[in-house]
Amino acid sequence: MSGVRVLVGTRKGAFILASDGKRQKWNVSGPHFAGWEVYHMKGSPADPARLYASQTSGWFGQLIQRSSDGGKTWEPVDNKFVYDGVPGTHQWYDGTPHPWEFKRVWHLEPSLHDPDTVYAGAEDAALFRTTDGGKSWQELSGLRGHGSGPHWQPGAGGMCLHTIILDPRNPERIYIAISAAGAFRTDDGGKSWQPINKGLYSKYIPNPTAEVGHCVHHIAMHPSRPGVLFMQKHWDVMRSDNAGDSWEKISGNLPTDFGFVIDVHAHEPETIYVVPIKSDSEHFPMDGKLRVYRSRKGGNEWEELAKGLPERDCYVNVLRDAMAVDTLDKCGVYFGTTGGQVYASADAGDSWVPIVRDLPGVLSVEVQTLS
Amino acid sequence: MIRVVLPAHLRGLVKVHDEIELEIQGPVTQRSVVDALEARYPMLCGTIRDHLTQQRRPFLRFFACEEDLSHELLDAPLPEAVASGEEPLLIIGAIAGG
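One line per chain: the protein sequences are W and F, in this order. Remember, this note's numbering sits 8 above the position in the first sequence when you count from 1. Remember, this note's numbering sits 156 above the position in the second sequence when you count from 1.
The following block holds chain W by itself, in its conformation from the complex (with noise of 0.2 Å):
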């Protein structure tokens, strides 16, 4: 029999949630790793019972956690994030120079065919890969050493690699993003990168069209449709039908247009869901009402979508990677909040109900479907 398995990363520990392909009734196990700051868990999809988990603290440093059972057991693997060669400088917030220093990984991404190959998006921004499962990691260093990175910039939450998305028709192709350099891409297996950032306007930087320097929040793309990504920027929801060479702005009727999740239905590749929040300098949603806003027509046209979500005073924030879908029929679609709520909707949006009103505030959301 299907079922689901939500994998979520909160602010003091990791939390599994369970059901069975109706998405009524759920299990709920955890903390796993508790009082830690778990960024993101994810599973890989060649492997479902293999885990991999980013467990970090700012006492005590970074730690990655592997998992051969579906998460029931965890053990610790290499941690040692060391940037290749010469670390050399990007921007502080200042303009001033500094050095890049690991501080933490914010996503892991395991490869679509081997559950011993990892991709992990560190703050400060670098990619680093493993191959054996965890017992070594190494940077792809063609992405810091792009011509552009001393000029990289961090954002408010810092300068992290958030965003890794595998093409799963070109295993040479992988995109990235990083709040605040932008998104790039590599055509032959990380050793060169471009940024892919025209068409985007950021009117918050100095040159508001420049080549790197964007505020990118999130990325998604649906696997049947490599070339079709959709982005929610700092400000802006923006579109791209040619691999990232080019975006064009899909905010169309949206409330505000600020946000940080943006995702793609399992079934539907013009559907893609966004939870507009209010401003950058107020980071919930519009008139304490939370809402998640669907397109059914790849952008520009939205439809808001309220049933069972809060009605009022609501004063969350949903950070980026803390939202995904299921592969279920219909499409499940699930979110985390900065206030501990995971809700989940099991006709594609149409309605919400929360799995869990308490944890603690919640950094990532991750679903694998099992069969």
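Since the hints were made in silico from the structure, they are not lab data. All of these numbers come straight from a predicted model, not from anything done at the bench. Even glycine gets a Cβ: it sits at the ideal position worked out from N, Cα and C. Hints may contain errors.
Stated by the list, open to error - Here are the simulated lysine to aspartate or glutamate pairs, EDC-like style, with alpha carbons at most 16 Å apart: (1) W:K111 / F:E228; (2) W:K88 / F:D206; (3) W:K88 / F:D231; (4) W:K30 / W:E256; (5) W:K206 / W:D140; (6) W:K305 / W:E256; (7) W:K297 / W:E311; (8) W:K297 / W:E319; (9) F:K171 / W:D249; (10) W:K20 / W:E45; (11) W:K257 / W:E276; (12) W:K206 / W:D249.
As the list claims (entries may be wrong) - Facing chain F, a subset of chain W residues (Cβ under 8 Å, in silico): (13) N35; (14) P39; (15) A42; (16) G43; (17) W44; (18) A54; (19) P56; (20) W67; (21) F68; (22) Q70; (23) T81; (24) K88; (25) V90.
Dock chain F against the given chain W, drawing on the hints supplied.
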């Protein structure tokens, strides 16, 4: 035999509930104690001191015998009471963040 008390987060990581007893060969110093800890519990590598610089992580402190030893040299002998096992070396997570 010397005694070490880890902060709660690290006790959970290495799955111990109480003090750790370590046999140290040679001088008992901050460096030799952390070397011995990491040898017994490899998952502690990087959590007490930086992988590369070997410097104590900024929000950790070393206390013993009612003194803060955090700024002593890494190879300076720890107090005799620690070396003899009479007193534990306390590795403390700084109180920060509310």
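How the hints compare with the structure:
1. Our distance criterion of 16 Å between C-alpha atoms is broken by W:K111 and F:E228, whose separation comes to about 26 Å.
2. With a C-alpha separation of about 10 Å, the suggested pairing of W:K88 with F:D206 holds against the 16 Å cut-off.
3. Annotation: proposed proximity of W:K88 to F:D231 is violated, straight-line Cα distance about 24 Å (limit 16 Å).
4. For the hint linking W:K30 to W:E256, the alpha-carbon distance of about 38 Å lies beyond 16 Å, and the restraint is violated.
5. Pair hint W:K206 plus W:D140 does not hold up; C-alpha atoms about 36 Å apart against a cutoff of 16 Å.
6. At most 16 Å may separate the alpha-carbon atoms for a hinted pair to count; W:K305 and W:E256 meet this at roughly 14 Å.
7. Between W:K297 and W:E311, the direct Cα distance comes to roughly 15 Å. Compliance with the 16 Å bound is thereby established for this hinted pair.
8. For the given pair, W:K297 sits about 5 Å from W:E319 by alpha-carbon distance, which is consistent with the 16 Å threshold.
9. Under the criterion of a C-alpha separation no larger than 16 Å, the hint pairing F:K171 with W:D249 is inconsistent with the structure, at around 50 Å.
10. Note on W:K20 and W:E45: the hinted pairing holds, with a Cα-Cα distance of about 5 Å set against a maximum of 16 Å.
11. Among the hinted pairs, W:K257 with W:E276 is inconsistent with the structure: their alpha-carbon atoms are about 20 Å apart, more than 16 Å.
12. Taking the CA atoms of W:K206 and W:D249, the gap is about 12 Å. The hint holds against a cut of 16 Å.
13. The interface hint given for W:N35 is violated, since its Cβ lies 23 Å from the closest Cβ of chain F, which is over the 8 Å cut-off.
14. The beta carbon of W:P39 comes no nearer than 11 Å to any beta carbon in chain F, farther than 8 Å, and the hint placing it at the interface is violated.
15. Hint status for W:A42: holds, given a least beta-carbon distance of 7 Å to chain F, under 8 Å.
16. A hinted interface residue such as W:G43 counts as satisfied when its beta carbon comes closer than 8 Å to some beta carbon of chain F; here the least separation is about 6 Å, so the hint holds.
17. Because the beta carbon of W:W44 sits about 7 Å from the nearest beta carbon in chain F, less than 8 Å, this interface hint is met.
18. Interface hint at W:A54: violated, since its Cβ lies 26 Å from the closest Cβ of chain F, which is beyond the 8 Å cut-off.
19. Hint status for W:P56: violated, given a least beta-carbon distance of 25 Å to chain F, over 8 Å.
20. Checking W:W67 against chain F: minimum C-beta separation of about 4 Å stays under 8 Å; hint holds.
21. Interface restraint check: W:F68 against chain F, minimum CB-CB distance 4 Å, threshold 8 Å, status holds.
22. At about 7 Å, the closest approach between the beta carbon of W:Q70 and any beta carbon in chain F falls short of 8 Å, and the interface hint on this residue holds.
23. Because the closest C-beta pair between W:T81 and chain F is about 12 Å apart, greater than 8 Å, the hint is violated.
24. The interface hint given for W:K88 holds, since its Cβ lies 5 Å from the closest Cβ of chain F, which is under the 8 Å cut-off.
25. For W:V90, the interface hint holds, the least distance from its beta-carbon to any beta-carbon of chain F being 7 Å, beneath 8 Å.
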